[in-house]
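Visitor: This is what each chain is made of:
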Amino acid sequence: MKGMTSPIFGNLDWTVTPYTDLLQQVNSSTIVSAGAASVLVLGGIAVLVLFTWMGWWGPLYRNWLTSPDAKKIGIMYVTLALIMLARGIIEGFVIRAHQATALGTLARPESGLVSPDHFAQLFSTHGTIMIFFVAMPLLIGLINFVLPQQLGARDMAFPVLNQISLGLTASGAGLVMISLLLGKFGTGGWTMYPPYTGKDFSPGEGVDYWLWAILISGMGSTLTGMNFAVTIFKKRAPGMHFMRMPLFCWTSLCVAIMLIYAMPALTVSSAMLALDRYAGFHFFTNDAGGNMMNYANIFWMFGHPEVYILILPAFGVFSEISSTFSGKRLYGYTSLVIASMSIAVISFTVWLHHFFTMGQSAGVNIAFGIATMIIGVPTGVKIYDWMATMWRGRVRITTPVVYLTGFFLLFVIGGLSGIILANPSIDYQVHNSTFLVAHFHNVIIPGVLYGMLAGIHYWFPKAFGFRLSETWGRRTALLFVGGFIFTFMPLYVLGLMGMPRRSPTFQNPDFMAWMYIAAFGGVLMLCALASLVWTFWTSYRNRLALAVPGGDPWNGSTLEWSTPAPVPEWTFPRIPHVDKRNDWGEKKRAGDPWKGPETYTDIELPANTALGLLITGGSFALGFAMVWHIWWLAVLCCLALPGLVALRGMRLIEPKIIPAAQVEEADRRFRQQVASLAPASRADEETERNRGVPDISEFAG
Amino acid sequence: MTKPNTGHINPQESAASEIKSYATGFVISLILTVGAFAALLSDLPNTWKVVVICTAALLQIVTHMRNFLHLSFSGNQSREDLLLVLFSASLLAIMAGGTWYIMSDLSGRMHQTGESGSSSHRALAAYSNNGKPQQVWLSNVPLSRN
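These protein sequence lines are chains A and B, in that order. Using this note's numbering, the first residue of the first sequence is number 1, and each one after it goes up by one. Using this note's numbering, the first residue of the second sequence is number 1001, and each one after it goes up by one.
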């Protein structure tokens, strides 16, 4: 620790960067951390230069950063998530590379690529990033993009609040990113259990980075949940009853409810830990009446619903693609709705299974163990429903279906190992081992990651007007499947052999063979990441050949496929009237679905605003100031943030009006284009003949 | 956000009553908050302090829902409002009840009759005094980090 806190710079000085460590001591660990910081700095400079060179700052500001359009906000969420995903996967690879070189001896217990402290930072940031800044923005982004279109709404219920939610998430991600360059991140894992993370045992800025990233982005997620819920309750198109909503909307509703009720628990536990660290409170300390076990209790009260927050949107995506790509109606719609809702509610009753071994009596354990096993039932119902949907369908093996198949095969294994862990007596044997690590990666990667990537592939043409390359998409999917199997299946074995999780070193040479296999899996995951990037790039280069202006490349059945691709900012020229479930599909069955509305009216859209951007800056500065104890800046931000909101509340803001003539012109042009394009049959789906106008006589959904 | 949210009702008529409702809510909240602090600083026995603070908290919730969130059990929104309140109450009951269940069980297994916090305090003191951990201290440490 440094001596004095400067009134201007707080605890910041020249010694906090990894370069200082590198100058003091050159070894693989300091080289890795200085390299990571350099990637951050050089990447930032490269982006600055590129945007200035291309003159992109103006369009970026006008069309994206100040836009309250839910579709654009969704795309920005996904972009943020993919950037963070790159860091998360690379960190995961470094973790695997370290453990593959970490066989210690009694004489020299510490070995390996990075130092133990650095390793602890790696698994802490890896977990924090993957959960809060990859999985969450991915699903929130996808819901933002898809939900209003599927509901037949023009926008979210609170567009500007949506922008602020994105801003808060982005500043949380920014805090985690800047910790690469300035100071260190916490070493307590993504859960940051006290008392280890209290001031006594973890002085310094590490835990504070985590706390403020979580507090700020958690606030954003709570607001997002409210926004989704109100949108679903209030903004559905006329005739869109609850039981006519596509399944993705149902899972979004579950996610919204869970965000509203679960995120505050995280905010509470983090705020209590922050009070312990900053204000000398004793919520979770060892002495003075503190009880650190209550942290685990409150944290997992959030943490378990969180797991289902992550997985349910993926379930929604799989419901959509299993139906679309097998050309069949979704099997068991009602059972899927009931299963989703059951999962959402039961997920609030199982949190203790994350700390079976904390010392409570067997009766308590078994109560939560049984609840945990019960939650497997609705999930099983869903898997059978999707398989029944594909049964005897004409399944096209597109990229999303490759992900879906990988999900079927692998997620069931992960679910089964979860049921095994739900038994407290087994959990006592394998808890805190890599068996657990294998289990949760086995549900999160095939579940959330595959689901979200499948969703991105599925809805990408709607966002940008061209399909993604199927060849490269399938290669990416297969690499992610292979990478997962090679990385995490060995961890099951290692866990049963007794390898503790998060251990920077071990002395058992029998582990090595499995470690090498896992490290090879890590290489495959890196290849998958590269292949994902290449998929976007090569598809962008071939965007003319892949363009689907007709807007319905997969012969879909839900409302979002009725609009052009890329979808205009007003989405629907007129809010559709919904008569049936899968309304777009029913219109296809009735013939001539692309009939334009008779009259057009002016469309009112929320005006652009820089509020979200200002809140982003303010909240990032607040978090940064609190981490480094720069009190004047923290006070300033605390005054500025509510001030900005109040200032906006006092001003009358005129909406943006799109004149009817402009809508009519664009819409007429779209209808003519659809009429002029040759319909593509199922067999032509992956060829250049697919211009987004499907052969509706083939529609069977 | 783009439309004033009083668009559906007569602004002239409702403004006065709305302000009155907000002001009443604010005053009640203020009294309840001050009351909770006053109870803490008073000479009441601990049990009574807890009872007063919990009651004030519950009344605070009701005030917020009534005066700030405009929930009501009559009128055309009543069914939704009732469902919302019932659902929230059941989830909160699961969370609070579960916490009670878990933490009291843990506390009961601390080998001491006192509160878990003070026991750990004593254990820590014992640890620093004797230089040797006692059984009580060990049982306080969460074993699992999963």
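The set of hints was computed from the structure by calculation and includes no laboratory data. Predicted, not measured: the structure shown is a model, and the values here were computed from it. Fair warning: there could be bad hints in the mix.
Said to hold, decoys possible - Ranges of calculated distance between the beta carbons of each label pair, as one might list FRET restraints:
id : chain 1 : residue 1 : chain 2 : residue 2 : range
1  : A       : S335      : B       : L1059     : 36 to 44 Å
2  : B       : I1061     : A       : S425      : 50 to 58 Å
3  : A       : A675      : B       : I1061     : 39 to 47 Å
4  : B       : V1085     : A       : E688      : 34 to 42 Å
5  : A       : Y540      : B       : T1099     : 49 to 57 Å
Note that the Cβ used here is the ideal one computed from N, Cα and C, for glycine as well.
Visitor: Mind listing which of the numbered hints don't hold for this structure, in increasing order?
Guide: Violated: hints 2, 3 and 4.
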